[in-house]
Each structure stands twice: as C-alpha cells, then as structure tokens.
Amino acid sequence: MSNAVSTTRKPAARAGRPKGDPGHGGQRNAALAWLTVPALFFFLAFAVVPLAGVLILSFASWDGIGAIGSAGLGNWFSVLADPGLYNALGLTFLIMIASWLVQTPISLLLGVFTAGSQRYRAALAVLYFLPLLLSSAAVAIAFKALLDPNFGLATGLGLPFLAQDWLGVPQLALGLVIFVIAWQFVPFHTLIYQGGVRQIPRSLYEAAEIDGAGTIKQFFHITLPQLKYTIITSSTLMVVGSLTYFDLIFVLTGGGPGNSTRILALDMYLRGFRANLMGPASVIAVILVLIGLALALFLQRLGGKDKQGSQLEGM
Amino acid sequence: MKQSQTSRRSFLALAALTPFAAMTATACGTSGPGTSSSGGGASMWYLSGEPNQTTMQKAVDAFTSANPDNKIAVTYFQNDAYKTKIKTAIGAGQAPTIIYGWGGGTLKTYAEANQVDDLTGWFDENPDLKEKFFPASFGAATVNGKIYALPNQYVAPIVLFYNKELFEKAGAQPPKTWDDVMSLVKTFNDMGVAPFSLGGQSRWTSMMWLEYLLDRIGGAEVFTAIFEGKPDSWMDPAVIETGTKIQELVSADGFIKGFSSIAADSNADQALLFTGKAAMMLHGSWTYGAMKKGGQNFVQDGKLGFVQFPTVAGGKGDPKNGVGNPAQYMSISSKATDAEKETAKKFFKDGILTETVIDTYINSGSVPIVNGIEDKLNTSEDKDFLNFVYDLAKNAPNFQQSWDQALSPTAAEALLNNIDQLFLKSITPQQFAENMNATLGK
Chain Z
10 MSNAVSTTRK PAARAGRPKG DPGHGGQRNA ALAWLTVPAL FFFLAFAVVP LAGVLILSFA
70 SWDGIGAIGS AGLGNWFSVL ADPGLYNALG LTFLIMIASW LVQTPISLLL GVFTAGSQRY
130 RAALAVLYFL PLLLSSAAVA IAFKALLDPN FGLATGLGLP FLAQDWLGVP QLALGLVIFV
190 IAWQFVPFHT LIYQGGVRQI PRSLYEAAEI DGAGTIKQFF HITLPQLKYT IITSSTLMVV
250 GSLTYFDLIF VLTGGGPGNS TRILALDMYL RGFRANLMGP ASVIAVILVL IGLALALFLQ
310 RLGGKDKQGS QLEGM
Chain S
-2 MKQSQTSRRS FLALAALTPF AAMTATACGT SGPGTSSSGG GASMWYLSGE PNQTTMQKAV
58 DAFTSANPDN KIAVTYFQND AYKTKIKTAI GAGQAPTIIY GWGGGTLKTY AEANQVDDLT
118 GWFDENPDLK EKFFPASFGA ATVNGKIYAL PNQYVAPIVL FYNKELFEKA GAQPPKTWDD
178 VMSLVKTFND MGVAPFSLGG QSRWTSMMWL EYLLDRIGGA EVFTAIFEGK PDSWMDPAVI
238 ETGTKIQELV SADGFIKGFS SIAADSNADQ ALLFTGKAAM MLHGSWTYGA MKKGGQNFVQ
298 DGKLGFVQFP TVAGGKGDPK NGVGNPAQYM SISSKATDAE KETAKKFFKD GILTETVIDT
358 YINSGSVPIV NGIEDKLNTS EDKDFLNFVY DLAKNAPNFQ QSWDQALSPT AAEALLNNID
418 QLFLKSITPQ QFAENMNATL GK
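Those sequence lines, one after another, are chains Z and S. The working numbering puts the first residue of the first sequence at 10, with every later residue one more than the last. The working numbering puts the first residue of the second sequence at -2, with every later residue one more than the last.
In short, the hints are calculated from the structure, not lab data. Predicted model, so just to flag it, every value in this text is computed and none were measured. Virtual Cβ for every residue (Gly too), placed ideally from N, Cα, C. Each hint should be verified, as a subset may be incorrect.
What the hints assert, rightly or not - Label pairs and their calculated CB-CB ranges:
| no. | chain 1 | residue 1 | chain 2 | residue 2 | range |
| --- | --- | --- | --- | --- | --- |
| 1 | S | ALA78 | Z | PHE307 | 32 to 40 angstroms |
| 2 | S | LYS227 | Z | ALA90 | 53 to 61 angstroms |
| 3 | Z | LEU143 | S | THR174 | 44 to 52 angstroms |
| 4 | Z | ALA76 | S | THR174 | 44 to 52 angstroms |
| 5 | Z | ALA56 | S | THR81 | 20 to 28 angstroms |
| 6 | S | LYS227 | Z | LEU306 | 48 to 56 angstroms |
| 7 | S | GLY311 | Z | PRO92 | 31 to 39 angstroms |
| 8 | Z | ALA76 | S | ALA167 | 54 to 62 angstroms |
| 9 | S | GLU371 | Z | PRO140 | 53 to 61 angstroms |
| 10 | S | THR117 | Z | ALA305 | 33 to 41 angstroms |
| 11 | Z | TRP192 | S | ALA89 | 32 to 40 angstroms |
Using the sequences and the hints, build the whole thing.
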C-alpha cells in the first residue's frame, strides 16, 4: 500500500507547477513567491551579506578599530603558512570525530530506551534532557568550578582521584572538552533518536517476534536500519555543529593550556578580537564556511540521492 | 478580480514583513550604551570586583547627587571579559562615553584611530588637576606627546606576597635572591605546601614572573628595546635566561599543582595563599584589598607578608625597579556627544579621586596616585603595606608598565599565548624568544 503512495507522490510533486498554464497557477505562484520574501530577507541579511563581508575582509588589513586597508593575498599567505592553523584544523577534526564516536552510540541507545512507553522511562527521559536547558557558558562555568583541583568536587567529596589538573594538562583538557560537549549535546540527539524510534511501525517488531528474533536481533535488523535517516540527520548536526563549538570551550579553557583546545572557531575569535587581526581571522572564517559546506554536501551524498525513497517500502 | 487577489496577497506579505524590517532597522540604530543616554548623561564601563566596584559606585552616586543634570550610568564587567568587549564596542562605534583602561599599547591603537579625545589642552586649562597626580602616572597615558587619558585609581606594583604563618612553621625567611626562591621551593614542597600560588589560566598572571625576572636579569633596557620595536630585541640572552629560570621553577614544582587550571578572575589564587595551601604568591598589589575583604581575617591578623621581588645573582637590573600598573586610565570617546563629553570632563575633575574616594582607596589597602598623601598613609591601619607600595613606586628608578598593556594588542596576545606554552614547557626558552621576535613591529 505504501508502495503505491510513494510512487504516485513523485509525479504529483513534479506536476505541481505545469509550465504551460498561464492562468490561475501563475498568479498563485507569484503570490507564493512573495511569501518567501521574509525568509529571503533574513537569509540575505544574516547569511549572505556577512559572508560577503568576511570574504572581503579576508583580503583586508584591519585592527577592528581604525581604518580598513587592503592586504591583497597577504592574509591568506600568512595564515596558510602558520602552523597554528593546522593545529586548529587538526583539533577541530579530532573533536568532531571523537564527539561523533562518543555521542552517537550513547544518544542512540538512550533514544531507544526513552522511546518505550513505560512510566519510569518517561521519568528518566526528563532527567536526561536537563542539560539541554542550560546555556553553554553556564555549563562551562559549572564544570570549571567542579573540576578546580584545589577547591572543586575532589575536595568537596573527598575523592582524590578527581583532583587532576583537568584543564592544565593538554591531553586531559582535550578529553574533558569532548566529555563536556557530549554531556551537553547527548540529550538533544537522544531526543532526535527517540522521535525516530517512535515512528518505526510496531508491526515490524511483531513480525520479528513471530519469527523468533530476540531484542538484540530486533535492534540490529529493524531499529538500526529504520533509523538510517535519523542517524544521518543527527550526524550532520553533530559534525557541522562541532565546527561552531565556541562558547563552551572559550569559557572552559580559553583554548588552553597552550594551544591544546584552540579549535578553528576559537582561533578565529582570538585572532580577530584579542589580537586585533581581523584580516587573518576572516581568512579562517572563510575556511570554516568552506569546510562546513563540504561536510554538509558529503553527508547528504552519504544518505543517498533519492531522498524521497521510503524506508517503509514493501510494507 | 484575480488581479486584485494577487495584489492583496502581496500587500499581506509586505504587511507581514514590514514589522520585521522595521525591527531590524531600529535594532541597529538604538542598541548599545553609546547612544542610549539622553541629555547630559554619560555612560561608563568599569570593572566589577571589590573593593573597586563599590568605591566607584559611591563616587558616581555622590557626583550625580551633587550634579543632578549630569547623570552617569555605570555598567560593570569582569576584567578579562571587559578587555575584549571594550575593543569590540569601540570598533563598532558603540563605545561608552568614558573608556576605562590601562593606557599603553591599547590606548595607542585607540588614539591612532581617533577613537578617543586628546585631553592635552584640557589638562593645560586645568593645571591643578594635572599636578594632583604622580608625574609618572602620565607616561602610559601619553601617545606621541599628547595626553589621551586621565590617570586615576591607584598605583599597583607587582608584589611578592607570603604567608607568615607558614614561613614561621618552616623556620624560613622570605626570599632575597633567586637561589633563596629555589631552596624555599624545596622546603615547602617537603612540608607538603605548594611554594607558589598561581592562576595560570589567566596567563597575565604568569607574565608577571617574566616581567620581574627579565628586569632583574637584564635590566630595564631589555624590555625598553622590545617596547621600542628594535630589531631582534626579544633575542637578548636575558630573555632566554628568564625563560630557562621559569622552566626550572616549573620543573621543581615551584607552582601549585594544577596552576594552569586556575583562573585569576575567581580569586582562587588568592584563596590558596590565605587558606595556607600555598606559601607565596606573586601578584598585583590590588590583591591586598581583595584578600583583606575576602580572606577571613588573614590580613587583619597580620599573617600576610610582602617583599620586593628577589634579585638574581649576576643580574644587571636595579633591585629597586618595579613592574605593574602605574595607574588606571579613563579616556573620553570621540564618538560621544558634546553634552556627554562635558559630563565626563566634569566627572574627571570633580567626581574621581575626591577626598572620599582617596580615603576609601587607602582604607582598602591601595595607594592612590595623588601627591601629598603621606600623612594619610601613615595614619592608616594598613600603613605598613601602603608605605611599602608607596616607597616601591616612588623610589623605583624604572617602573615598567605591565607588558600586555604596554605592547600592541597583536603582540600582547602572542605574548600571553607563548608565555602559557613556556610555563607548560611545550616550547623552549629559545623558541619563546624566536616566536616573540617575530611579533616585533606588529
């Protein structure tokens, strides 16, 4: 049945705007086009214009205060020759991959768990979602205070193993950043997976049960394949989102110790607003945009070209 | 019929859009403190934290109640956050009327971009005001021979604080030489007490060590050459020796475990000293007031000791040299209206460093930068510390302004970043010197 729906929907969608009909349809479309104006306005004002501005600034020398001068390709050469850029790039990808590896399994399992209809699961789900309500800066300040080696949790609870120099040792600080990011964002992705799991038809599980599949088999052969697009959506948000991690790391470590958590977005900020080098900072912004676009495209491809394809075919 | 339908829809769409457009347009026009005040009201941004915040608020309240036509709205910010915010605001033309700062390289960028008013003429018209302050306090307010800021508040040299109780327990004397420092490190580590407290995450805290060490090893001339941008001035052997000594101190566990995790904004570094977890702390003299207020009678019970930074054997620097902030500064935004500027100038003249404010500073353990306060210092309950600071500032053959304030913002950010890595030992002193040398002239 759903097979029929999915095959008829596509032609219908294509036929929605018949080219040869100058009458009612054309009028309607003109009116509809007007409705896109607000969205278009905001897109132009808040995405296209700043983007163009950044592109222009990347060829300029400006300290953010005085007059703007031309720098030609100087900024690009100096930034691309700077080992700091490659350190920041490496860290960005490291945090991106590590965050994905940590967050995806946890949110997937939590999502499956909280999708169940039992009361206690609903109660636990509410608790899991709490970090979602806190701002990144608040989360960072709280963790910073809790992890203070002298006055933090370790002293308060009398747990000496917690008294590490969490934010002072490069590897520990990096691990901690990945942990705190996961702590903050797992609830969000859990929510996405919960919704995804709830949309899987019960009949699939009932059929599997009749065929004698256990919980684990059901998970790998029904839940996981059915969540394909949910996983892609969640991964896209995670991966592209990790390019913009800024506030949390800025407050937690400020990019330190040394440069060990100075990811690209932070590097951009510190160059632009601390070191007053708006030109090189804009170069990094352009690089960030390019990476973000490339990643989004790649992930879209990963999901297959046929976005209209139903996961319920054959049902 | 159809025609009218279309235009009605277009009209509706436009009607839906207009409020948004109007909203964005007005949001751009009226936000920000620079234009929010009306009439003769001036705006000012200032640092939060005690005792400064209360002192300033009282001064402003007293001024506005005496001058009801001249309102001043003050907003308070944390130190590290303020430094970035004010720069962005000035660049965006949204600066407050009164721009608070530390003079030096940052003030120079403002002055060269014509963002702050030249006050030279105004000081000439008010010679009494100019003669009120320590002459040395005008150095960091002067760019190319013109005065761009009013010095105010207090002189704040960097002082070596120590916990007298712990020193008694250890039977030790405060360090006079660098060798004393290294042997005290061993003494206190053996006692299970951290030798030095340090809020290393703030980075300028670590910088204070380099400032004094370089002065003691190479003399004031080394940094003067750097400040003037002379070629290869960072490659001076004294810089490399300074870095080496710092890394030796870090390797000997001279600083408290986890110092890179501690930020000075939370005052945790001071707490380590007054709770007896660390024996010594190199910090600005302003922490005296903060420890007196927050240190559970540590200061009042006479447990806080203070000495000048020790000498280094074979060093060229005068042991009387000081480093720190010669004063704090206030400039007037050139973007402010004339009425706002008048209010600001009136406040500069009548509202700041009044007798009440001077007394408040002295009572909180700071030395205001005004001449003729010796009697007041001598009758204060903190007279030991106040006279120590006063003499240090007055007798110093060279009083070096903090490096991150003296240098340009670009060089200062590179400096703080490299100092962090130097303390982490992720770069060698040689690399530190080379990295910094590349920032000369920037």
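* For which of the previously enumerated hints does the structure constitute a violation, in increasing order of number? -> 2 and 10
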